[in-house]
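Asks: Chain residues, written in single-letter form:
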Amino acid sequence: MKVAVLKGGRSLERGVSLRSGARVEDALDRLGHEVVPIDAGADLVKRLRAERPDVAFVAMHGAGGEDGTVQELLELLGIPFTGPGAAACARSIDKVLAKAAMRAAAIPTPDSFAFTQTAFRDLGAADALGDLEGTLGFPLVVKPSRGGSSLGVKFAGAPSEVPGALVAAFSYDDRVMLERFVSGRELAVSVLGSEPLPIVEAIPAEGDPYDFEARYEIGRTHFVCPADLSPTERAAVTDAALATCQALGCEGFARVDLILAADGPWVLEANAIPGLTDTSLLPQAAEAAGMSFENLVEQILHLAMAPSGVS
Amino acid sequence: MTEVPQPPHKRRAHTSTRDLERYAGLFAERTTVMRSSAMRDLMAVTARPEVISLAGGLPDTSTFPPQSFAAQMTKIAQESAAAALQYGPTEGFDETKDCIVEVMAAEGMLPDPDDICITTGGQQAIDLVTKTLVDPGDVVICEAPTYPGAVPVFCSYQADVRQIEIDDDGMRIDLLEELLEELRAEGRRPKFVYTVPTFQNPAGVTLSLERRARLVELARLHELLVVEDNPYGMLRYGGEALPPLYQLDGGDFVIYLGTFSKILSPGIRLGWAVAPPPVLEKIVLGKGAADLCTSTLTQFFVRQYFAEGGWRRYVEDLVELYKGRRDTMLEALTEHFPAAATWTEPAGGLFIWATLPDYIDTGDLLAKALRSDVAFVPGTAAYVDERGKNSMRLNFSGVTDAEIREGIKRIGRVIKEQVDLYETLAPSQGSAADALAGSPKSEPGTPGREAEDVPVDSVVVPFRQTGRQ
Chain A
15 MKVAVLKGGR
25 SLERGVSLRS
35 GARVEDALDR
45 LGHEVVPIDA
55 GADLVKRLRA
65 ERPDVAFVAM
75 HGAGGEDGTV
85 QELLELLGIP
95 FTGPGAAACA
105 RSIDKVLAKA
115 AMRAAAIPTP
125 DSFAFTQTAF
135 RDLGAADALG
145 DLEGTLGFPL
155 VVKPSRGGSS
165 LGVKFAGAPS
175 EVPGALVAAF
185 SYDDRVMLER
195 FVSGRELAVS
205 VLGSEPLPIV
215 EAIPAEGDPY
225 DFEARYEIGR
235 THFVCPADLS
245 PTERAAVTDA
255 ALATCQALGC
265 EGFARVDLIL
275 AADGPWVLEA
285 NAIPGLTDTS
295 LLPQAAEAAG
305 MSFENLVEQI
315 LHLAMAPSGV
325 S
Chain B
-11 MTEVPQPPHK
-1 RRAHTSTRDL
9 ERYAGLFAER
19 TTVMRSSAMR
29 DLMAVTARPE
39 VISLAGGLPD
49 TSTFPPQSFA
59 AQMTKIAQES
69 AAAALQYGPT
79 EGFDETKDCI
89 VEVMAAEGML
99 PDPDDICITT
109 GGQQAIDLVT
119 KTLVDPGDVV
129 ICEAPTYPGA
139 VPVFCSYQAD
149 VRQIEIDDDG
159 MRIDLLEELL
169 EELRAEGRRP
179 KFVYTVPTFQ
189 NPAGVTLSLE
199 RRARLVELAR
209 LHELLVVEDN
219 PYGMLRYGGE
229 ALPPLYQLDG
239 GDFVIYLGTF
249 SKILSPGIRL
259 GWAVAPPPVL
269 EKIVLGKGAA
279 DLCTSTLTQF
289 FVRQYFAEGG
299 WRRYVEDLVE
309 LYKGRRDTML
319 EALTEHFPAA
329 ATWTEPAGGL
339 FIWATLPDYI
349 DTGDLLAKAL
359 RSDVAFVPGT
369 AAYVDERGKN
379 SMRLNFSGVT
389 DAEIREGIKR
399 IGRVIKEQVD
409 LYETLAPSQG
419 SAADALAGSP
429 KSEPGTPGRE
439 AEDVPVDSVV
449 VPFRQTGRQ
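Protein sequence lines correspond, in order, to chains A and B.
Numbers in my numbering are just positions in the first sequence, counted from 1, shifted up by 14.
FYI, my numbering numbers position 293 of the second sequence as 281, with every residue one higher than the one before it.
Derived by calculation from the structure, the hints in this document are not laboratory data.
Do not rely on the hints blindly, as some may be mistaken.
[Claimed, not checked] With beta-carbon atoms standing in for the labels, derived distance ranges:
#, chain 1, residue 1, chain 2, residue 2, range
1, B, K270, A, V238, 37 to 47 Å
2, B, A16, A, S306, 41 to 51 Å
3, A, S174, B, E269, 52 to 62 Å
4, A, V238, B, E323, 53 to 63 Å
Ideal placement from N, C-alpha and C gives every residue a C-beta, glycine not left out.
Can you make the complete structure from the sequences, with help from the hints?
Replies: What follows is the structure, given as structure tokens:
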């Protein structure tokens, strides 16, 4: 099969995407497919038209690749592609939209408020920040609404830290979310088609639990897969993850990040195009399920060619 | 976009989670301090062709005449191909050392060629000195901020890095003295003080003569080594040259590091270390273990180039070019950076260090700036701790005047957006007074300061006071 691997692009997560893409290309090559690597740029449509691939493997993260833009183009060009469709991508990458969908489906997700820059500039939203103490409480988490990995995510331990955290988050997006901080075990559930893979737990190896950057580094975070959970806990976490995929319309594959607190699981977000690098969680989960990276890539391709097995 | 051709039949086995754990179990302790991060990934984006990058530390190699390069390499090929393609002595060729002596003499130093070890760029000189002197946990002292490229070196040898604040006159030697006393009380002896005393990277400031003298005195008193890294000394755009520490000390307690990167080419990877003989001996042994010898070919090239006698003229041309670019950047900063920003006004070198209100994190600002296709180095790269968050390093040597103007305009715009936003969010806190808190500057708002005490090499001035010196 002729497979175009779409990677890179202009997103801030270009580096991760190039690594995901390279690894996928390698696997496709080993599987005997004809691989066409494409660094997504201004000539993307021209190249896709010229190459006429049977399927596109989307290995892009962040803006452009994970927000539905590339998916919309591929739908228009009639090229089957891996991962969720344009609408599901657009919903998943936007934490505010995703939260609304989760709430509508009665999925437990931490309380939050979202603001645009306009709200502060034109509507005096700053005057409402004082109310956060009584609603979300402190510490709270400030995140850009759209954005991946840890970029722009800050903890605010006190009201005085909120403005700085907002300025940081607004560097990445025009809308930010303030979210109640839930303390608990950090879990990730990868879903392939409609099947949950073994759950990964991320355990910070050292120091500051508020250091988001540490989570993406070998040595600073220890990953356990399958996570050591009771059958009841496992069922609750898996159910929440599957319900999230369904609520967001994620087909193909996705990764749902949750916190398992004393009172049960809380869904933070879903990643429509989870990382596929050597250190990413989805490949680790697949491996724990006895699936090699090649198997995983083959499965993802298979789902792209024969979609709608999932509701 | 063109694709890099892939090697056929790439067959690297995949790394599984088990492999990762296995490798992780084999990693040396020192690798835990070698960190990758999301921010590093962000820097990958700065390499996109549409990005105006003020992040590099690049000299403008387009100014080197290609015909001259071709002629010299041809001559080497015709006259000494076999030797130029062979290994050479670990410490470097005597003839190349003569060129180094010539460069150092131009700055007033008279080193013994036997005290010189030629290295693969100045970076290797920093590595070899640290390798020679530092055991895990040993104290290394440097400036705050320090050369970002030195941070990973010190960390990989597991040094206990202590950074001393700087002001317009370079490293605060009074603070250094306090630290030395503190360490003495603890029974600890620092191994060396690393400093870029002239046109410092990243801050652009220069250590005053008085402080130079005191630093050399302290080195003798405490019997500690000073590592003087001087890549930029010859790139002076105004004022009088100050004597290098090596000259003041005579080479007893000062290890001198030099490089051809900024006066000729970084691509030839030629630097050097000048050290007292016992130290040099160990450095040479360390170098032998690292890479046997520095590129023979490029050492031949330097000899050939120096034999023509035009190297000083080329440096003068570079000075002319970079001086213009520095002026362009300073003008652009005055025009486009907000009132709350301060910056250094270097009399040489390649960098300007700008400091923003303390609520702005320049790492996040970089993400925003990249959306406008412009990049700089966030200040945290120059510290081993959390300091430098609201500062940035701006390079003016590797970009054209037009790019400098446009780049600074774009950065100014994103800063202004953040300042405006913060003032909306925290009206009582975002005032200009608060915004003036920053790193390398001494009372920038003090009236009359410029008139009574204009440092020779650098002055940090707030907006609207900025002017030609």
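Asks: Are the hints correct? Go through all of them and say.
Replies: Status of each hint after checking the structure:
Here the CB-CB span from K270 of chain B to V238 of chain A is close to 45 Å, well matched to the stated 37 to 47 Å. The supplied range of 41 to 51 Å is broken by A16 of chain B and S306 of chain A, whose beta-carbon atoms lie about 30 Å from each other. In this structure the supplied range 52 to 62 Å holds for S174 of chain A paired with E269 of chain B, their Cβ-Cβ distance being about 56 Å. Range check, V238 of chain A to E323 of chain B: about 55 Å between beta-carbon atoms, so the 53 to 63 Å window is met.
When each numbered hint is compared with the structure, a violation occurs for hint 2 only.
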